[in-house]
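J.: One-letter residues, chain by chain:
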Amino acid sequence: MEEIDFGFVTALFESLLPGDSRWPAASATNAPREFMKRLATETTLAASLDRARSVLPADFVSLNRASRDVALGSFERAEPASFSRIVTEAFGAYYMDPKVMSRLQHHVGYSGKPPQPEGRDIPPFDMAILPSRRIAAKDS
Amino acid sequence: MSDASVLVIGAGASGAALSWRLSQAGIKVICLEQGEWVRPDDIPSDQPDWERARMSWWSPSPNARRLPQDYPVIDDESSIKPLMFNGVGGGTIMWSGFHPRFHPDDFRIRSVEGVGDDWPLTYDELEPYYDLADRVLGVSGVAGDPSVPMRAERPMPPMALNRGARTLIDAFERKGWHWWPADMARNSTVYEGRAACNHCGACEMGCRRSAKGGVELSFWPEALANGTELRTGARVFEILVGGDGRVAGALYIDRSGATQRVTADAVVLAANGIGTPRLLLHSRSAQFPDGLANGSGLVGKNLMFHPIAIVTGVFDRTFDPTGGAGVSILSNEFYGAGWDRDFARGYMLAGPRVHGPLATALGAWGQPVRWGAQHHEDFDELFGRSGSLVISCEDLAHESNCVTLDAHVKDSNGIPAPRIAYALDDNSQKMIRHAMDRSNELWATAGAARTIERSLVAQAGFHLMGTARMGDDPSRSVVDRWGRAHDAPNLFIIDGSAFVTSAAVNPTPTILALALRTAGHMIAARQ
Chain A
12 MEEIDFGFVT ALFESLLPGD SRWPAASATN APREFMKRLA TETTLAASLD RARSVLPADF
72 VSLNRASRDV ALGSFERAEP ASFSRIVTEA FGAYYMDPKV MSRLQHHVGY SGKPPQPEGR
132 DIPPFDMAIL PSRRIAAKDS
Chain B
7 MSDASVLVIG AGASGAALSW RLSQAGIKVI CLEQGEWVRP DDIPSDQPDW ERARMSWWSP
67 SPNARRLPQD YPVIDDESSI KPLMFNGVGG GTIMWSGFHP RFHPDDFRIR SVEGVGDDWP
127 LTYDELEPYY DLADRVLGVS GVAGDPSVPM RAERPMPPMA LNRGARTLID AFERKGWHWW
187 PADMARNSTV YEGRAACNHC GACEMGCRRS AKGGVELSFW PEALANGTEL RTGARVFEIL
247 VGGDGRVAGA LYIDRSGATQ RVTADAVVLA ANGIGTPRLL LHSRSAQFPD GLANGSGLVG
307 KNLMFHPIAI VTGVFDRTFD PTGGAGVSIL SNEFYGAGWD RDFARGYMLA GPRVHGPLAT
367 ALGAWGQPVR WGAQHHEDFD ELFGRSGSLV ISCEDLAHES NCVTLDAHVK DSNGIPAPRI
427 AYALDDNSQK MIRHAMDRSN ELWATAGAAR TIERSLVAQA GFHLMGTARM GDDPSRSVVD
487 RWGRAHDAPN LFIIDGSAFV TSAAVNPTPT ILALALRTAG HMIAARQ
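Protein sequence lines correspond, in order, to chains A and B. According to the numbering used here, the first sequence is numbered sequentially starting from 12. According to the numbering used here, the second sequence is numbered sequentially starting from 7.
Just chain A, same shape as in the assembly (with noise of 0.2 angstroms):
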């Protein structure tokens, strides 16, 4: 069952988040393996899951990308938020592989770390920018 799971979550990635010239297909990264360990403890997740392998058609797996997207966006119309509940979770995967962190990198220069421990490194705040129009300090 788990890997009759995997074969139609991975083709759901194929048609939600594709590969191009510059980003890996999500198919290509560990996101479909991240996205069914979430399935084991979220319950709406597998929920939608569930919804949308009854509403796509039962060969999913099999159609062409285009075929996959004109099913996908009937669903995304019939069951937004079933559908909504995926693409946040397969978006959530995605945007946390080391493979799309290193494409970040050479995008805007993001370092594609999470935030701590290294945090950013922001000059000091300079005080010569501060409006002219000031008043003064009260005595503390």
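In case anyone wonders, no lab produced these hints; they're calculated from the structure. A couple of the hints might just be wrong.
To be verified - Quick list of simulated restraints, FRET-style, between CB atoms:
id	chain 1	residue 1	chain 2	residue 2	range
1	A	Lys-149	B	His-414	51 to 61 angstroms
2	B	Glu-405	A	Leu-50	41 to 51 angstroms
3	B	Arg-141	A	His-117	18 to 28 angstroms
4	A	Ala-139	B	Gly-32	44 to 54 angstroms
5	B	Asp-443	A	Ser-95	27 to 37 angstroms
6	B	Asp-443	A	Arg-49	33 to 43 angstroms
7	A	Pro-109	B	Asp-47	18 to 28 angstroms
8	B	Ser-461	A	Ser-65	29 to 39 angstroms
9	A	Ala-57	B	Gln-53	17 to 27 angstroms
10	A	Ala-57	B	Ser-117	18 to 28 angstroms
11	A	Ala-147	B	Glu-405	35 to 45 angstroms
12	A	Ser-95	B	Arg-45	42 to 52 angstroms
13	A	Pro-109	B	Ala-379	41 to 51 angstroms
Said to hold, decoys possible - Calculated from the model, a selection of chain B residues having no Cβ within reach of chain A, i.e. all distances over 10 angstroms:
id	residue
14	Gln-53
15	Asp-111
16	Gln-266
17	Ser-302
18	Asp-431
19	Asn-446
20	Asp-493
Built from N, CA and C at the ideal position, the CB exists for glycine as well.
Once you have looked at the hints, place chain B on chain A.
T.: Leaving out everything else, chain B in the frame of chain A:
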């Protein structure tokens, strides 16, 4: 003899400040908190899935987080969803540290503009307590802002500006609009032995460096050293009332599920603008059949949030690549009364917020990025190349916006859940339109290629106010000018519930000041 002189319910901002002050005077305080301590290592801002955590098990929404100490909040009839944190530190665990004070006119909007009600106190009366809270908490900033009353130098210099802020400042200058570096309860330098901020931008997850001035790091350690007893995992479900109409203590459920009783000479409610009316409404008795301290019928009514809108500027160049930063400057250009407008009161602009990759993809401050073949192109246009102006609107009080007890849904201890009814009024909608138009102007001046408007951010209901309002008239308010309940002379309410108006700024500095002022009054009354 009572177990304590004062029983405090809730260990967030107001409960911490009041306990701290009372403990300095040698008063025996017991504080009951349904949540637990948060250790810096508990905060997931160092994990690869930090953004996902922020949207699920470490969310500011109790309905998303669903930790054992949380209670469900029924919010399907509210256009703004309440946010809170249940634990030692309360909302200051998950706040940004943004620390603006109310303006003097915020306390007298009836007199100034003919709307709402005036508070029974003034800014000047609160000012010494604002100053005291700033020193204990640790606030970074710079005095001299011409849009607010003269004040003492801040304990630390202003926070460093995130990269996008310079772009925004240039635009404010060119428009001739007010701006000023925001007061922040974050350490721009080492302060009281706590580390300086390293600008990670994840303040709203809690601070692993203890560089943010949460009350769990500032007020609580000294309060505990002075002898205050803080019991965590203690969920209060009823305030006890004696035969004389005075409150006598509280019943709570402890971590093991057993019911416990604490007696006290006075009870102080500090459980936030939803938790406090919930508890009052649940504390029914023969003497108080409609809920404790509810002779006016106003407990739970007049709920105020700050309607939050955002306008995101999208640039065709890098704006800020840090992938996460809170606001660092504010503008009071449109704050308070403005006679040339078609709405009452005003709003604050603050910015720029920049977002991490997942928040960008999910459209946390605008439209979600499309899925499918267009996704990466759309994402590339936004990530690192956009920033948001946050619009915080003053909310006027309406009795129809309220907290009640749900008839069916209960928390894990069988206590009825609060149900929220809240709708934006016409005044707020006009104010938001005005603010978004001004924000679009500002972004255009800054050189943005386009903007994205979001006229209301639903998941932004951090500021919970007005549900046990303060006033001199017992028929039109729940507590007096000291936070003392009109109907029960030894019951005090010191959280945002007591607010009469919302102003357009974050309430925590004012909550702290009110709590410290009430504590001073309680001390004086014993002498």
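J.: Work down the list of hints and note, for each, if the structure agrees.
T.: Now for the hints, and whether the structure bears them out:
A C-beta distance of roughly 54 angstroms is found between A:Lys-149 and B:His-414, which places it inside the suggested range of 51 to 61 angstroms. Taking 41 to 51 angstroms as the suggested C-beta distance range, the pair B:Glu-405 and A:Leu-50 conforms, at roughly 45 angstroms. Separated by about 46 angstroms at the C-beta atoms, B:Arg-141 and A:His-117 break the suggested range of 18 to 28 angstroms. Between A:Ala-139 and B:Gly-32 the beta carbon distance is about 48 angstroms. The supplied range of 44 to 54 angstroms therefore holds.
The given range of 27 to 37 angstroms is respected by B:Asp-443 and A:Ser-95, whose C-beta atoms sit roughly 30 angstroms from each other. The beta-carbon spacing between B:Asp-443 and A:Arg-49, approximately 41 angstroms, falls within the hinted interval of 33 to 43 angstroms. Take A:Pro-109 and B:Asp-47: their Cβ atoms lie about 23 angstroms apart, and the range 18 to 28 angstroms holds. As the Cβ distance of B:Ser-461 to A:Ser-65 is approximately 35 angstroms, the hint placing it in 29 to 39 angstroms holds.
The beta-carbon spacing between A:Ala-57 and B:Gln-53, approximately 23 angstroms, falls within the hinted interval of 17 to 27 angstroms. The hint said 18 to 28 angstroms for the Cβ distance between A:Ala-57 and B:Ser-117, and at roughly 57 angstroms that hint is violated. In this structure, A:Ala-147 and B:Glu-405 meet the distance hint of 35 to 45 angstroms, their C-beta atoms being roughly 43 angstroms apart. A beta carbon spacing of about 33 angstroms between A:Ser-95 and B:Arg-45 contradicts the range 42 to 52 angstroms that was offered as a hint.
Remark: the range hint 41 to 51 angstroms for A:Pro-109 to B:Ala-379 is contradicted by a beta-carbon distance near 24 angstroms. Not every C-beta of chain A lies more than 10 angstroms from that of B:Gln-53, the closest at about 6 angstroms, which undercuts listing it as non-interface. No Cβ of chain A approaches the Cβ of B:Asp-111 within 10 angstroms, the least distance being about 17 angstroms, so the stated non-interface status holds. At roughly 32 angstroms, the least C-beta separation between B:Gln-266 and chain A is larger than 10 angstroms, which holds for a residue marked as non-interface.
Distance check on B:Ser-302: its Cβ is at least 38 angstroms (rounded) from any Cβ of chain A, clearing the 10 angstroms threshold; non-interface status holds. For B:Asp-431, the shortest C-beta to C-beta distance to chain A comes to about 28 angstroms, beyond the 10 angstroms cut-off, and the non-interface label holds. Interface exclusion of B:Asn-446 from chain A stands, the closest Cβ pair being 23 angstroms apart, more than 10 angstroms. The Cβ of B:Asp-493 sits about 39 angstroms from the closest Cβ of chain A, beyond the 10 angstroms cut-off, so the non-interface label holds.
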